[in-house]
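Novice: Produce the complete structure using the sequences and hints provided.
Those protein sequence lines, which keep their order, are chains H and U. The letter at position 233 of the first sequence is residue 233 when you use this note's numbering, and the numbering goes up by one with no holes. The letter at position 260 of the second sequence is residue 260 when you use this note's numbering, and the numbering goes up by one with no holes.
These are computed hints drawn from the structure, not numbers from a lab. A hint or two may mislead.
[As the list claims (entries may be wrong)] To give a feel for the contact side, a few chain U residues facing chain H, derived at Cβ under 7 Å:
#1 27
#2 31
#3 133
#4 200
#5 248
#6 290
[Stated by the list, open to error] Just the calculated beta-carbon pair ranges, DEER-fashion:
#7 H:161 / U:103: 53 to 59 Å
#8 H:236 / U:35: 40 to 46 Å
#9 U:34 / H:71: 55 to 61 Å
#10 H:122 / U:24: 48 to 54 Å
#11 H:175 / U:156: 41 to 47 Å
[Unchecked claim] For the chain H half of the interface with chain U, some residues (derived, Cβ under 10 Å), not all of them:
#12 146
#13 159
#14 162
#15 187
#16 189
#17 193
#18 194
#19 221
For glycine and all other residues, C-beta sits at the position ideal for the given N, C-alpha and C.
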Amino acid sequence: MLTRRLAVALALATAFAAANAQTKLNVGVAIPAADHGFTAGIVWWANQAKKELEQQHPGLKITVKAAASAGEQANQLQDLFTTNKINALVILPQESAALTKPVQQLHGKGVYVTVVDRGLTDASAQDAYVAGDNTAFGAVPAEFLAKQLGGKGEIVALRGIPTTIDNERVDAFKTVLAKSPGIKLLDAKHGNWNRDDAFKVMQDFLTRFKHIDAVWAADDDMAFGVLKAIDQAKRTDIKIVFGGAGSKGMVKILKDGSDPRIQANVSYSPKFIYDAIKLTAEARLKGEKLPAKTIVPSVLITRENASTFYYPDSPF
Amino acid sequence: MPLEQISRRLRGLGPAVGLVALCLLATFLNSDFATVDNALNVLTRSTFTGIIAVGMCFVIVGGGIDLSVGSMAALIAGCVILLMNSLGAHGVAPGLAVAAGASGAVLIGSLLGFAHGWLITRGRIEPFIVTLGTLGIFRAVLTWLADGGAITLDNDLADAYAPVYYGALLGVPIPIWVFAAVALAAGAVLQRTAYGRHVQAIGSNEQVARYAAVDVDAVKLCSYVVLGAMVGVATLLYVPRLGSASPTTGLLWELEAIAAVIIGGTALKGGSGSIAGTVVGALLLSVIGNVLNLTSFISIHLNAAVQGAVIIAVAFMQRKNKR
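Specialist: Structure, rendered in structure tokens:
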């Protein structure tokens, strides 16, 4: 009995070893768990990359792990290395500072590391960095609003959760806006990338300012709350509401032209995790390296090009 | 000693005095504060956590706690939106689908409340643990249902449902009427019925209540069902506002509701409490946020600090002499 079990175990072990030998590249993907629209998009695009790339490349294996906290993600990195035996890692860190050491450990053991969106505090722990363009995320709407308003008007803005990403975007927005002295930024308050909070902040902006020409909502979820607040107050002075990130709901409104206040958007798609996995896997299969820094540009989405940014199957 | 009596009276009025002081300060900072439109905005906004706080008052007075109400609201919102969408897709008239969704909200809330009450009384698990567990469960299930994104109500249904939040009766928005009705009824039940007195008796001393032949388990169970139903009522008012539910829906509502109850003069350890105080507490919390949005001389990064300071100051004004 015991010998038979042993034999089965041995057979299984050899089978596993054989399977592992056939795998040329074993990529681990560590991302934040879906807790709002954007991260839901990240999870969806990561799994999409796994599905497509594993089919195209027989020697490729991709393991996707989503974590709700920095601690959980650090544990997953250990698991990916010891049990999944990865030789390349694509990571969107939960927190830059907290994940730097754990990533460094894997890098030191010979794992090729691609970091996405949130850079590590010590860049020597990464081989490549793929990121969205937060400067353009703020600059593009500022340019658009300045142009549409003819260099003159009054704007209110919403901000996200207080973070460095939010600061980068708002600074870029203000820098570009400063070139049009006729445009006045009345105030900017945190709506926390959240529909309900944006609704409340906008209600109070409407109470406070009797005339507003345009709103930089800075996020499509917040733009949704902003539109509802304007509708409720029956205000007609607001000509433009500019969201951001190109969620499928807002891109559809833009594409169909169903709300005259939604005239443009700026791309910041969770699809960059897909791009990062694809770039890493294809380069490593050929034994090549990625450029040290790849910026996925944030570009203006208008009614004309909206359909190329519309992904109806993605949750975001 | 009339002086001592007056000072005790004033302490009972602490939250109301705090609210009035805050409103005067707000008017001084921005004259737009004291407009009818702004007042209606703030009142309407406070109805969600206000109605939940009224239910929470029963649970806390009875010596319990419920940490899950924010997640519960999110889950109920998601479920009823899915229900209404599927009814609408099967050709049910929008008005009827909305009615089904609205009553479904209260029903689901009551059932979830019943489950809490059952686990706490029959399962003999601490309410803190039961509701901490369901806090995670409810939000996770919603996130799963929404695939991490948002569940959105179909357009024609949203149009049919919108008047429940945006509509008004005699110039006063519907949610405010509902809040007022709920608060008045709850006040009467807590102060003037046998059930209300039993809740208070259990909160002040469960053992004594048991000896006095109060059916402790049934009364407790009932208070969790009442709270669940209140969460359902709050949700049925919330859904038509944005017509969507997402993993951020109702985030931290539990803390706002509990804070409203405690600011209103109810002891966290139970025994006695006041619905009127709870209502004032809920209004106070909304007014703080409103004032911060209407002014811009404090760094926005300090908003939470201002909220915290006001809450502590009001609690200080209404503290009781405990020796």
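Novice: For every hint, state whether the structure bears it out.
Specialist: For each hint, the structure was consulted:
no., hint, result
1, 27, "13 Å, violated"
2, 31, "10 Å, violated"
3, 133, "16 Å, violated"
4, 200, "34 Å, violated"
5, 248, "5 Å, holds"
6, 290, "6 Å, holds"
7, H:161 / U:103: 53 to 59 Å, "36 Å, violated"
8, H:236 / U:35: 40 to 46 Å, "19 Å, violated"
9, U:34 / H:71: 55 to 61 Å, "48 Å, violated"
10, H:122 / U:24: 48 to 54 Å, "53 Å, holds"
11, H:175 / U:156: 41 to 47 Å, "44 Å, holds"
12, 146, "22 Å, violated"
13, 159, "8 Å, holds"
14, 162, "6 Å, holds"
15, 187, "5 Å, holds"
16, 189, "6 Å, holds"
17, 193, "8 Å, holds"
18, 194, "5 Å, holds"
19, 221, "8 Å, holds"
The structure shown violates the earlier hints numbered 1, 2, 3, 4, 7, 8, 9 and 12.
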